[in-house]
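A.B. asks: Here are the chains, one letter per residue:
Number of protein chains: 2
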Amino acid sequence: MTFRSTVDFLLHDWIGVESLTSRARFAEHSRETFDSVLDACHRVAQEKLAPSNRIADLEEPTFDGEKVHLPQSTIDAVRAQAESGIIAAAQDYEVGGMQLPCAVQMACTATFAKASLPISAYVGLTRGNASLLMVHGTPLQKKVFAETELSGRWLGTMCLSEPQVGSSLSDITTRAVPDGDDFESDPFGPRYRLKGNKMWISAGDHEITENIVHLVLAKIPGPDGRLPAGTRAMSLFIVPKWLVDLDDTQAIRLGGRNDVVLAGLNHKLGYRGTTNTLLNFGENRFPVRGAPGAIGYLVGKPGEGLRCMFHMMNEARIGVGLGATMLGYAGYEASLAYARDRPQGRPVGPAGKDPMQAQIRIIEHADVKRMLLAQKAYVEGALALGLYCARLVDEQRTGAALGATEASQLLEVLTPIVKSWPSEYCLEANSLAIQVHGGYGYTRDFPVEQYWRDNRLNMIHEGTHGIQGLDLLGRKVRLEDGAGLKLLAARVADTIQRARALDGLAEHASSLGEALERLRAATDAAWSTGVPEEALANATPYLQAFGHVVLAWVWLDLATACQRALAAGRDADFHQGKLHAMRYFFRYELPKIDAWLGVVASRDPTCRDMQDTWF
Amino acid sequence: MTFRSTVDFLLHDWIGVESLTSRARFAEHSRETFDSVLDACHRVAQEKLAPSNRIADLEEPTFDGEKVHLPQSTIDAVRAQAESGIIAAAQDYEVGGMQLPCAVQMACTATFAKASLPISAYVGLTRGNASLLMVHGTPLQKKVFAETELSGRWLGTMCLSEPQVGSSLSDITTRAVPDGDDFESDPFGPRYRLKGNKMWISAGDHEITENIVHLVLAKIPGPDGRLPAGTRAMSLFIVPKWLVDLDDTQAIRLGGRNDVVLAGLNHKLGYRGTTNTLLNFGENRFPVRGAPGAIGYLVGKPGEGLRCMFHMMNEARIGVGLGATMLGYAGYEASLAYARDRPQGRPVGPAGKDPMQAQIRIIEHADVKRMLLAQKAYVEGALALGLYCARLVDEQRTGAALGATEASQLLEVLTPIVKSWPSEYCLEANSLAIQVHGGYGYTRDFPVEQYWRDNRLNMIHEGTHGIQGLDLLGRKVRLEDGAGLKLLAARVADTIQRARALDGLAEHASSLGEALERLRAATDAAWSTGVPEEALANATPYLQAFGHVVLAWVWLDLATACQRALAAGRDADFHQGKLHAMRYFFRYELPKIDAWLGVVASRDPTCRDMQDTWF
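Going line by line, the protein sequences match chains S and C.
Note that numbering that gives the first Met the number 0 gives residue 337 to position 338 of the first sequence, counting from 1, and the numbers run on in steps of one.
Note that numbering that gives the first Met the number 0 gives residue 468 to position 469 of the second sequence, counting from 1, and the numbers run on in steps of one.
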């Protein structure tokens with residue numbers, strides 16, 4: 000089965016994106032327009048990104064002290080992707096966008112990510128940056144910065160972390176002070192001088208585009224000159240690598256260099272196609288108007304930096320989850336092809352093996368099927384969840400009032416899952432893809448080892464696994480008296496009810512019902528004493544169990560769509576395969592939740608009781 | 000706690016190696032001699048191997064068409080290790096050995112492996128090669144080949160796999176034909192000409208030593224010129240890179256080049272310090288006496304190749320498991336040090352977090368403790384199991400009749416576990432070590448990403464995970480009417496009984512008893528229909544569950560030793576830490592067996608039912 004068949008099944012047979020065309024925003028679209036965009040992305044992905052993926056890994060970015068060097072194939076591939084119009088795909092027609100639904104745009108993103116996640120990251124980051132500005136920027140900030148990014152002329156970054164600050168963002172020390180008495184009268188927005196160091200900045204420097212638009216989180220000191228504490232102390236700034244002038248016709252021209260300097264490239268385990276940088280702001284290497292400090296233009300109001308960022312967080316996290324998923328998918332495809340091609344071993348018969356028989360292809364061995372089925376269940380399930388969440392973003396933005404509210408609440412609860420679950424299980428899929436290849440999978444002659452290395456980042460960036468667990472159990476399932484969890488439970492119950500009536504799904508419907516009950520009971524038990532330390536000590540096992548229940552639900556719901564298609568006599572192999580992956584998930588994966596929920600429900604104190612001196 | 004304290008605890012407080020000194024073979028040993036050998040290995044490991052480990056990764060071996068180039072630090076480190084006498088450590092005094100127990104020798108091996116597994120592999124392979132020859136070789140084969148390896152002057156390899164043959168060894172096509180009419184009168188053993196290709200040969204070529212002794216599995220064609228089928232069709236040959244002459248004084252001199260050629264180096268994900276090669280035998284690049292074919296001397300009888308190899312298999316698999324363990328251990332140490340050093344975040348209080356408070360070290364967060372505890376439980380448990388199995392090897396070799404038989408039977412059942420469990424869980428430990436480091440763990444500025452890459456090999460080589468599962472469920476638990484499993488159950492029952500009487504261990508004793516019952520019941524249920532396809536379709540989940548039960552047993556037994564030490568007032572922190580790791584294993588890990596055993600016991604057909612066309 001091709002990836003595209005699965006995408007079509009998910010978009011059309013499952014989440015029904017075509018129905019969105021009845022809404023004003025998507026009125027000019029149809030299945031044909033969606034198809035043609037996906038086709039176009041597929042072409043660029045196959046022609047430009049896929050052939051560049053291994054090169055981008057082997058020829059790691061280098062820095063000569065002045066400029067960053069990337070393989071020309073990476074530069075060409077990023078440019079081709081930027082020129083495809085994908086950055087603006089979901090934006091309004093009037094700013095050059097296509098007004099695509101988020102679900103279709105995410106399917107496009109996935110298409111690029113499967114060909115080369117590291118190369119596609121430049122454009123993904125830029126889309127997030129520009130989308131944020133389109134919501135929170137002033138008209139001129141949108142015109143000059145966001146729209147130039149949307150067109151693919153400039154690329155963008157998100158500068159949050161610092162060398163000493165990753166998960167604990169409120170401890171950043173990058174400082175922004177008003178730049179002169181007239182700082183409030185700059186047409187680009189209140190003008191500040193920034194000083195500080197930003198770490199782990201992907202796409203933080205390169206020569207792919209003439210300019211880079213950094214979005215930088217920093218603190219404005221109080222009257223006493225000290226930096227305020229807490230999450231509401233952070234503000235957001237546009238800091239372009241090259242300053243920008245508008246000429247008399249309001250055309251955009253590059254001015255002088257801003258005081259942003261590449262301090263060094265990080266040398267990574269994987270994901271090497273994306274430069275990852277330590278950036279120094281305001282070290283006076285490029286003084287602006289004779290003074291140190293990088294020029295930054297305030298976005299939104301002072302102290303609203305994190306709020307602006309959070310606006311993009313759900314989509315960014317869906318994006319990370321989909322990226323992890325597509326690495327998993329690419330590995331699945333590679334190992335499936337290998338297993339179909341490689342002869343080795345013989346069937347186990349009642350009398351053992353007969354060495355005189357011809358060898359069989361390894362796909363015929365039960366254990367190899369197990370490894371392929373597990374990958375299929377992980378990657379197709381994760382892809383479905385990602386597109387489902389993207390569909391919720393569409394509902395949030397263009398749905399009727401109640402639907403939009405519900406979509407938002409559901410999205411809050413699902414976001415930690417859509418980010419974390421693929422990061423963990425599609426990494427496991429990549430490990431299985433290596434295993435299917437045997438020794439060959441351990442060499443760089445096959446692509447799977449790179450996928451596995453590239454994927455290891457996804458449990459770390461955009462909120463670590465531990466942070467996602469705390470977000471889910473500490474915050475998301477408790478928001479508005481648990482509204483998100485209740486909504487999720489209602490949707491699960493709806494799926495269960497529909498599945499009960501269908502051939503061969505009743506058993507799985509019961510299993511899912513029990514799993515949901517156990518999850519709810521464990522959630523209550525975790526918080527029954529009301530002591531955060533007790534509840535949250537097992538937030539990660541909770542995240543894992545929650546993820547498995549969500550994926551079981553997704554799979555059962557997919558199974559109902561497959562049963563409908565089979566009843567209609569459509570493509571038996573395709574739908575039987577998905578039904579079988581569902582069975583695998585229910586029989587081999589869902590039972591794992593008991594071990595995780597056991598420690599959650601008992602508020603097991605083992606981890607927090609551990610003493611430093613006992614290690 | 001240092002690694003050495005744990006090794007001492009395991010060797011002396013737990014498996015009681017000192018008691019071995021009452022046996023004739025070890026009569027000249029004492030705790031002091033064991034200590035001094037371990038000290039000496041530690042010094043070489045720290046001074047030579049540890050500083051070379053990253054260099055060996057970054058400066059991958061290269062081949063200029065004539066010679067293989069390795070970093071000088073690798074060459075020096077291998078030579079220093081070879082000169083330490085470790086290769087012959089367990090051998091007789093009269094061949095330059097130390098007559099060390101296998102358990103102590105394995106502890107030495109572990110010491111080197113923790114400093115650099117890839118560099119220590121050269122010596123490990125040589126030890127296996129020479130040990131095999133010391134058992135199966137002729138007196139002259141031992142003197143010329145084995146003893147020269149034992150002294151560290153030459154290194155050795157094992158050449159089994161071929162490009163088209165990994166798990167299915169009996170399909171090798173390397174061919175060995177008698178070399179001339181006088182082939183049986185060669186002093187080094189029956190002389191053959193070998194032609195074929197051997198793949199994945201670690202240490203297959205290098206310039207570290209003047210010669211390399213390959214042990215090569217090949218088939219002798221039948222009278223019809225065709226290669227026989229099956230596992231009993233393979234024979235074993237000594238194929239030195241350089242041919243050997245004995246001069247009049249019987250001194251060993253290098254003769255001409257044998258017809259063994261390096262076809263290429265494999266470029267790997269990790270484990271880069273060990274060259275891994277494709278070797279061509281008999282391609283006529285170096286004709287010997289004007290004819291093609293690599294000269295090889297038969298070891299043992301024709302058709303006994305696999306039997307000879309199997310003799311070393313248990314030890315080789317303990318070695319792979321210990322290697323995986325030590326990578327896990329090294330990552331544990333690195334992430335523990337990082338977690339103790341890195342400030343970030345604040346404690347969760349009843350009112351959330353107070354941003355005005357100072358940050359805490361990340362080791363104080365429950366989720367970081369969880370990641371460190373999991374690593375501790377995995378790596379210390381795996382190390383204990385490895386040394387326990389090594390102690391069984393000692394029992395097998397030097398114990399009284401009944402003890403030796405029981406040790407052999409137990410070892411058969413434990414070998415698939417001691418190889419597979421660390422390969423899977425100490426790899427997971429390495430992933431957790433990366434996670435503790437956050438973004439820094441993803442860079443090559445910290446050692447943990449290399450450990451993770453290096454460790455990924457261990458589920459593949461020396462019998463894949465899938466093969467270990469088939470070996471365990473298909474063969475080992477059924478041998479001699481399940482004698483090995485019964486013995487294991489008896490030892491587990493003994494531990495349970497002792498633990499019941501001890502403070503705080505009764506609960507865990509009960510859990511282990513139930514787990515053992517479930518494992519036994521699942522074993523029976525798997526085979527209840529007597530159909531191998533049904534039983535073996537879930538051999539890997541069985542392997543995983545079996546492994547977790549074994550590790551729970553190991554941990555409970557360790558806990559009894561800790562309780563004794565605590566009762567005697569000894570080192571509270573050290574023993575409390577181990578008790579707490581045991582608790583972690585019982586509460587967070589052991590419950591996972593239910594999901595695995597569920598599919599085993601029901602002979603779940605999902606995987607074998609999957610169709611190629613459904614993927």
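The reader is advised that the hints may include incorrect statements.
Said to hold, decoys possible - Computed list of lysine-lysine pairs in DSBU-like fashion (alpha-carbon distance at most 30 Å, straight line):
#1 S/K485 - C/K142
#2 S/K485 - S/K591
#3 S/K591 - C/K591
#4 C/K194 - C/K300
#5 C/K300 - S/K591
#6 S/K352 - C/K66
#7 C/K352 - S/K300
#8 C/K141 - S/K352
#9 C/K300 - C/K352
#10 C/K300 - S/K352
#11 S/K194 - S/K142
#12 S/K300 - S/K352
#13 C/K141 - C/K66
#14 S/K194 - C/K352
#15 C/K194 - C/K141
#16 S/K485 - C/K591
#17 C/K485 - C/K591
#18 S/K141 - S/K300
#19 C/K142 - C/K66
#20 S/K352 - S/K194
The hints are simulated quantities; they were obtained by calculation from the structure and are not laboratory data.
A.B. asks: State for each hint whether it applies.
C.D. replies: Results for each hint:
Between S/K485 and C/K142 the CA atoms are separated by roughly 77 Å; this puts the pair beyond 30 Å, and the hint is violated. At roughly 23 Å between alpha-carbon atoms, S/K485 and S/K591 fall within 30 Å of each other, so this suggested pair holds. Taking the CA atoms of S/K591 and C/K591, the gap is near 6 Å; set against the 30 Å cutoff, the hint holds. A threshold of 30 Å between alpha carbons decides the hint, and for C/K194 with C/K300 the separation of about 19 Å falls inside it, so the pair holds.
Proposed proximity of C/K300 and S/K591 is contradicted: the alpha carbons are some 50 Å apart, above 30 Å. Of the pairs offered as hints, the one joining S/K352 and C/K66 is violated, with about 42 Å between alpha carbons and a cut-off of 30 Å exceeded. Between C/K352 and S/K300 the alpha-carbon distance is near 24 Å, which keeps this suggested pair within the 30 Å criterion. Restraint check: the Cα-Cα separation between C/K141 and S/K352 comes to about 36 Å, which exceeds 30 Å; the hinted pair is violated.
A C-alpha spacing of about 73 Å is found between C/K300 and C/K352, which places the hinted pair above 30 Å, so the restraint is violated. Straight-line distance between C-alpha atoms of C/K300 and S/K352 comes to about 24 Å, which keeps the hinted pair within the 30 Å bound. Between S/K194 and S/K142, the direct Cα distance comes to roughly 26 Å. Compliance with the 30 Å bound is thereby established for this hinted pair. With a CA separation close to 73 Å, the supplied pair S/K300 and S/K352 exceeds the 30 Å bound.
A C-alpha spacing of about 28 Å is found between C/K141 and C/K66, which places the hinted pair at or below 30 Å, so the restraint holds. The hinted pair formed by S/K194 and C/K352 meets the criterion: a straight-line CA distance of about 27 Å does not exceed 30 Å. Note on C/K194 and C/K141: the hinted pairing holds, with a Cα-Cα distance of about 24 Å set against a maximum of 30 Å. The hinted pair formed by S/K485 and C/K591 meets the criterion: a straight-line CA distance of about 28 Å does not exceed 30 Å.
At most 30 Å may separate the alpha-carbon atoms for a hinted pair to count; C/K485 and C/K591 meet this at roughly 23 Å. Among the hinted pairs, S/K141 with S/K300 is consistent with the structure: their alpha-carbon atoms are about 16 Å apart, no more than 30 Å. The suggested pairing of C/K142 with C/K66 holds, with an alpha-carbon distance near 28 Å, which does not exceed 30 Å. Using a Cα cut-off of 30 Å, the hinted pair S/K352 and S/K194 is violated, with the two alpha carbons roughly 70 Å apart.
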